[in-house]
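Put the two chains together into one complex, using the hints given.
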Amino acid sequence: MIHVEHLRKLFGDVRAVDGISFEVARGEVVGLLGPNGAGKTTTMRVLTGYLRSDEGTVSVDGIPVGDDSVEARRRIGYLPENAPIYDDMEVCEYLGYVGRLRGMRGAKLREAIAEMVQTCGLAEVAGRTTGKLSKGFRQRAGLAAAMIHRPPILILDEPTSGLDPNQISEIRELIRNIGKQRTVVLSTHILQEVEATCQRAIIINSGKLVGHGTVEELKRRSQSKSAYVVTVGAARDRISDALKALGGVSFGEWLCDDTSPRQRLSLTSEDGADRAEEIFKWAVEQGLTLTELSRTGASLEQVFKELTQNR
Amino acid sequence: MNNTITIAWREFRAYFLSPIAYVYLTAFLVAVNWLFFRGFFIIGKADMRIFFEMMPWIFLFLVPAVTMGKWAEERRQGTLETLMTLPVSDSHVVLGKFLAGLWLVASALALTWPAAITVWFVGNLDWGPVIGGYAGALLLGGSCLALGLCVSSLTRSQIVAFVGGVAAIFVLLIVGSPLVIGGAGTPLTRLLGYSSLGTHFVSISRGVIDSRDVLYYLSFMGFFLFLNLVITKSKARG
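Chains Y and H, in that order, are what the protein sequence lines are. Here the first sequence stands for residues 0 to 310, where the numbers follow numbering that gives the first Met the number 0. Here the second sequence stands for residues 0 to 237, where the numbers follow numbering that gives the first Met the number 0.
You may find that some hints are simply not true.
Claimed, not checked - Which residues of chain H face chain Y? A few of them, derived with a C-beta cut under 10 Å, are:
no., residue
1, Asn1
2, Arg37
3, Pro86
Stated by the list, open to error - What the simulated footprint calls covered on chain Y by chain H, stretch by stretch (three residues with Cβ under 8 Å from a Cβ of chain H suffice, anywhere in the stretch; the number is not a length):
no., stretch
4, 109-123
5, 183-194
6, 229-236
To be verified - Computed footprint of chain Y on chain H; a stretch qualifies when at least three of its residues, placed anywhere within it, have a C-beta under 8 Å from a C-beta of chain Y:
no., stretch
7, 8-17
8, 65-78
If you're looking for bench data, these hints aren't it; they were derived computationally from the structure. All of these numbers come straight from a predicted model, not from anything done at the bench. We put the beta carbon where it would ideally sit given N, CA and C, even for glycine.
The shape of chain H in the complex, shown without the other chains (with noise of 0.2 Å):
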């Protein structure tokens, strides 16, 4: 675990000894404001639920753009080599990197704090649905870069790891909607509609928790870092 919180620190520390933590933060919260605010004045309601649902469209973008160097870069460098000739075993390289991306996404969330005290200012702001829209965007984020690292570490060119990692949520995301599914029942439709990023959020963004989507969520990320763990075994060490 030691190892895991070492690897996560540096990596952490990464994205702000280099400017993309900086441009990743301004954009984010740029966007996630000026997205909100437009709507909110308009709709006149005192909550959040516009914020939290854009979030999914949000990190469609933005998380590719952190995961994206996080194993292609390593790959171009030869630091991967480095890396994986010290004593640390494989799984605790691909946690590091997984959770210094998460504190990462955890920052601009956390960040975006003044969105909801303005709310709470101007009307009678129910924290409830708010505390459990976070946790819910957090969790999401991090399906998200699971996602985006275990695209990463198929390639070592940033550019592909980008675009392939917005396709992937992209395609995760859509693939329960109505659109998609057109809305008939069968058991294919129902397993598209669980299977996907976007279908989960509907109610987190409601402000409903539901442990359901809470195990989904989890078992995405478990799913996808054991991938990227199987990936760079066989890949990295041939």
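One chain only, chain Y, in its complex shape (with noise of 0.2 Å):
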């Protein structure tokens, strides 16, 4: 569906991406991952045929996006970074607007218009002027307008930043109700956003493609052992002591300040695998109290810090 290879883009000396090739199926929600300023936003802009590449090609259900792409942009939903819109808008006649603009006319642009407010639970603000809206509710009158055409393709950047937590959930659910039937990507550096909604996920980093597979394939390929976190109700020295007594674990480090009564501390094993049960028996003979063990595993947040801190 989307087709990315060798894609370079420059901004004066400045590669913004440099040299990017992936692949996105049909019907797939693919994540687009890195840090602030790795080059996602760039990426994005050329695919939705906004900025022209410099090298490489970039083709969307077979049609290349280049110069004049209209062809393309036909086929693409596409919501930017924090949701711009005509602030001096009503909700719905934005929507018409950009409905019409995509060819839509009479009846059938009127249905869409409802339908869109509808999905995107825009009822109560639709005749209000869009400047006045929340910024929750600016990003799904946003959204709305990316999908008014039913386009088998939608690219979301950053669709969920300044959002709060319910504003989150309930686009995340959005999102994941719309890949059911069409083709997304959407670009974020929150990790659990991609663990939430993406099948996938592409990692980039400084311009360069540092990682992509399913967010397993991801996990599994990280070279972080087994992770721990542990409470002890002991004093730090004591802790110490008794953790030269650990075989086949090693410290990590301490999680609160040093004076606490409680201790929390992280602990790594050092082959990789499950000593969850032998850090509960060293517990019960040094005669320390476990308030918490748990497992932090090879989070996708340290499959990124790798990919993205070590090059």
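Okay, structure coming up:
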């Protein structure tokens, strides 16, 4: 559905995107992941035909995205970062404007607007001026405008940025539903978002592709060993002494200040095997009270850190 | 063409959704009527020559006020990204914005009808030159608009767009005046005279429509709209 090959985009001397290739299949929900300034927005802007690429080819549904890529743009619904919409228009009026520029008219347009108002939960603000909307409604209005023509491909640039936790889960739910019928590419630097909504992730860092695959694949590929967080009801010195008797597990770091009566610390399994049982037995043998023992495993967060910091 | 009209209609409505259109129309009508009638009763001739003669100087300040936000504001708000990822070709966007401005200038000109009617009542107004004058004023206004839009597409600041627009129109207005070219008939001064917005308006303000002047204004608009398109393509689409 989306095909990107050796995409390169320069801004002066800055290589915003430096030779990225990837593919997105029909019906997939893919997360474009990376730290701020990694080139996510630029990649999306090229995909949607807003920016020209300097090198490489991008095609959407078999249609090359290049100069005057009107044909490709028809197939894409795009929500730019921060959902820019005309502040002086009413929500429905804005949806109508975008719909009309997408070639929709009359009853078909009215139906589409009504459907989008329903899907995106805009009923209570339908007649309000977009400039007076809260950030969450604004984002939803932007999303509604992006989907008004029922595009096979949706490209969403940080769809949940700046929203409160309730709004975030609403938007994620919305995206999951949309993703059942459409191809979705969304960018984010929030990792839970990828785990919550995407089947696959593409990780980029300073303009380069550093990892891609399903979330599980990425986790498996990580070099991180199993990690544990432990809370022990004893002083720091006592725990340090006791740790010498614990084999196969190495100390990570203290996770609290050194005067607190309960000490929280992280431990890592040296060979990656599960050591929870050993840790529990060790605590009992040493006469320490365990109030917490949890396995953090190789989180996507660790994978992300490894991939984006080591290079 | 449909897209152009859709865009033009939205942009035109946007003028009226903000105070811009009302401030603009009021300022235009007050300035024009005051300046015209002040001179009209002194000269005591039943024509509208002084009315049209001052148009370039009115447009000098009022047209950049219309064009300053057209690109600059879209850039600043980021709506340009939405607009330019819709299946609409860039030339339609440029043309739509131009048409919206032209409708506003045309509305402003149309609203000066009481002045013409007054002259017609008071004296024996010859309508030919008046209609010619209005058509010419619209051509001049359109040219200033195309130039102002072009300047607006270069910046994301409305103030810079306004001042830049005034400066650009001013230079092209005076470049052909005798004060600048000194009246000598060298090829350069002839070229300057020919390229000036002001020179071509002299005979129009007298009510004489010369096809060369019409052609000049049309190609002026065409040139700057095209330049606007090129700037948009290279600047926004990087």
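Structure-based check of all given hints:
no.: 1; hint: Asn1; verdict: holds, 8 Å
no.: 2; hint: Arg37; verdict: violated, 37 Å
no.: 3; hint: Pro86; verdict: holds, 4 Å
no.: 4; hint: 109-123; verdict: violated (count 0)
no.: 5; hint: 183-194; verdict: violated (count 0)
no.: 6; hint: 229-236; verdict: violated (count 0)
no.: 7; hint: 8-17; verdict: holds (count 4)
no.: 8; hint: 65-78; verdict: holds (count 3)
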